[in-house]
Amino acid sequence: MAKTLFYLFRNPRSGLLTISMDITKELPFIMMQQPHYFPHSKKIFEIPLLDNVTSLGVLHIPHSQEKTFPLVIVLHGLASSKIGTKRSYLHLANQLVQEGIGVLRVDLPGHGDSEGFIHEFSLTDYIQASQKIIQFGFSLPQANHSVALFGSSLGGSLSLLNLPYFPEIQHAAIWTPTIQGALWLEDTMQSMSPSLQLPPDNFSYQGIPLGKKFCSQFIELDTVDALSKITQEVSILYLQGEDDAVVSLRHQALFAKTFTGKASYRIYPKMTHQLCIYSEAFQDLVDWLKHQLLGTPWSYSL
Numbered sequence: 001m002a003k004t005l006f007y008l009f010r011n012p013r014s015g016l017l018t019i020s021m022d023i024t025k026e027l028p029f030i031m032m033q034q035p036h037y038f039p040h041s042k043k044i045f046e047i048p049l050l051d052n053v054t055s056l057g058v059l060h061i062p063h064s065q066e067k068t069f070p071l072v073i074v075l076h077g078l079a080s081s082k083i084g085t086k087r088s089y090l091h092l093a094n095q096l097v098q099e100g101i102g103v104l105r106v107d108l109p110g111h112g113d114s115e116g117f118i119h120e121f122s123l124t125d126y127i128q129a130s131q132k133i134i135q136f137g138f139s140l141p142q143a144n145h146s147v148a149l150f151g152s153s154l155g156g157s158l159s160l161l162n163l164p165y166f167p168e169i170q171h172a173a174i175w176t177p178t179i180q181g182a183l184w185l186e187d188t189m190q191s192m193s194p195s196l197q198l199p200p201d202n203f204s205y206q207g208i209p210l211g212k213k214f215c216s217q218f219i220e221l222d223t224v225d226a227l228s229k230i231t232q233e234v235s236i237l238y239l240q241g242e243d244d245a246v247v248s249l250r251h252q253a254l255f256a257k258t259f260t261g262k263a264s265y266r267i268y269p270k271m272t273h274q275l276c277i278y279s280e281a282f283q284d285l286v287d288w289l290k291h292q293l294l295g296t297p298w299s300y301s302l
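In terms of UniProt numbering, the sequence shown opens at residue 1 and continues consecutively.
Hints are supplied without guarantee of correctness; some may be wrong.
Below, computed lysine-lysine pairings styled on DSBU-like, alpha-carbon distance capped at 30 Å [unchecked claim]:
#1 K132 / K213
#2 K86 / K290
#3 K290 / K262
#4 K290 / K229
#5 K43 / K132
#6 K262 / K132
#7 K270 / K290
#8 K212 / K132
#9 K270 / K257
#10 K67 / K43
#11 K262 / K229
#12 K42 / K270
#13 K290 / K132
#14 K86 / K43
#15 K86 / K270
#16 K229 / K257
#17 K132 / K67
#18 K212 / K86
#19 K290 / K43
#20 K67 / K42
#21 K132 / K42
#22 K132 / K229
#23 K290 / K257
#24 K213 / K262
#25 K212 / K67
#26 K86 / K42
#27 K213 / K229
No lab work stands behind these hints: they were computed from the structure.
My request is simple: use the sequences and hints to build the entire structure.
Written out as structure tokens, the structure is:
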């Protein structure tokens, strides 16, 4: 079904703003109303994640007659932050808090409001920091110990690595995680021009320098062992864009081959590595978390 798009741009000669109309057969997002802010309480915490490294976390608290509430802990991706791309994690918190679900967003070391710089930290540091974030979530007196994880990209990998160590967590939604670093490297090398080579001393992601230790550990990243240790009671929602140029669908296939527990898979045509708040994927994420934590309907049963 064709849909009409309107673009607003400035004419370089006249300086006037112009509306352009375009018609496309398919859109990778759903047409929905503009989101509205839902007033609610927030608390800001200073959270020690590593030795001499403190980060800021934001807890979104739903208005409820109950003293406790279910909680979603957000683990963001590399070179991202607790805000998310185009404030996606703020929108996620805004939608969930309306339903009575609390949300905890924390910057990983070297990201957002955290101390340090990205190139100073290894993958081991991020794993340890994510464990501290989860432990902090469980320590909150408001949390009723019905806790779910949402991890995006690297945050998805961190979520999977942590699940065996936190058996209390029964639900995890992951967006385009790296399942094996070696598989990611293989895909990256195949996609590069033969005349190009990976720079030996200048590693970066999205223009941000990365440390050599992180890169070497990332190549050795393997969540397969962790997947075999996740309890059968855990439910996982695996989301990915079909046109993701950063993490290929081979990771989803490897996950499906390895993980024997309860899982639901969604692949979205024409979506890339970014999770757009207007997409069907974003709404599926919200609905699934509500289903797992509140028991609301979910059309894609596990």
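Results for each hint:
The suggested pairing of K132 with K213 holds, with an alpha-carbon distance near 21 Å, which does not exceed 30 Å. This hinted pair checks out: K86 and K290 have alpha carbons roughly 22 Å apart, not beyond 30 Å. For the proposed pair K290 and K262, the alpha carbon gap of about 17 Å is at most 30 Å, so the pair holds. Straight-line distance between C-alpha atoms of K290 and K229 comes to about 26 Å, which keeps the hinted pair within the 30 Å bound.
With a C-alpha separation of about 18 Å, the suggested pairing of K43 with K132 holds against the 30 Å cut-off. The straight-line distance between the Cα atoms of K262 and K132 is roughly 26 Å, inside the 30 Å bound, and the hint therefore holds. Between K270 and K290 the alpha-carbon distance is near 26 Å, which keeps this suggested pair within the 30 Å criterion. Note on K212 and K132: the hinted pairing holds, with a Cα-Cα distance of about 24 Å set against a maximum of 30 Å.
Taken as a hint, the K270 and K257 pair is honoured in the structure, with Cα atoms around 24 Å apart against an allowance of 30 Å. Proposed proximity of K67 and K43 is supported: the alpha carbons are some 15 Å apart, at most 30 Å. As the CA atoms of K262 and K229 are separated by approximately 13 Å, the hinted pair is consistent with the 30 Å bound. Our distance criterion of 30 Å between C-alpha atoms is broken by K42 and K270, whose separation comes to about 35 Å.
Distance hint between K290 and K132 is fulfilled; the C-alpha atoms sit about 25 Å from each other, no more than 30 Å. The hinted pair formed by K86 and K43 meets the criterion: a straight-line CA distance of about 22 Å does not exceed 30 Å. Between K86 and K270, the direct Cα distance comes to roughly 18 Å. Compliance with the 30 Å bound is thereby established for this hinted pair. Our distance criterion of 30 Å between C-alpha atoms is met by K229 and K257, whose separation comes to about 15 Å.
This hinted pair checks out: K132 and K67 have alpha carbons roughly 24 Å apart, not beyond 30 Å. Distance restraint check for K212 and K86: the Cα-Cα separation of roughly 29 Å lies within the 30 Å cut-off, and the hinted pair is therefore satisfied. A hinted pair counts as satisfied when its Cα atoms are at most 30 Å apart, and K290 with K43 qualifies at roughly 22 Å. Distance hint between K67 and K42 is fulfilled; the C-alpha atoms sit about 15 Å from each other, no more than 30 Å.
With a CA separation close to 20 Å, the supplied pair K132 and K42 stays within the 30 Å bound. For the hint linking K132 to K229, the alpha-carbon distance of about 20 Å falls within 30 Å, and the restraint holds. Taken as a hint, the K290 and K257 pair is honoured in the structure, with Cα atoms around 27 Å apart against an allowance of 30 Å. Pair hint K213 plus K262 does not hold up; C-alpha atoms about 34 Å apart against a cutoff of 30 Å.
Between K212 and K67, the direct Cα distance comes to roughly 46 Å. Violation of the 30 Å bound is thereby established for this hinted pair. A C-alpha spacing of about 20 Å is found between K86 and K42, which places the hinted pair at or below 30 Å, so the restraint holds. Between the alpha carbons of K213 and K229 the distance comes to roughly 26 Å, so the proposed pair stays at or under 30 Å and holds.
Against the hints set out earlier in the document, violations occur for numbers 12, 24, 25.
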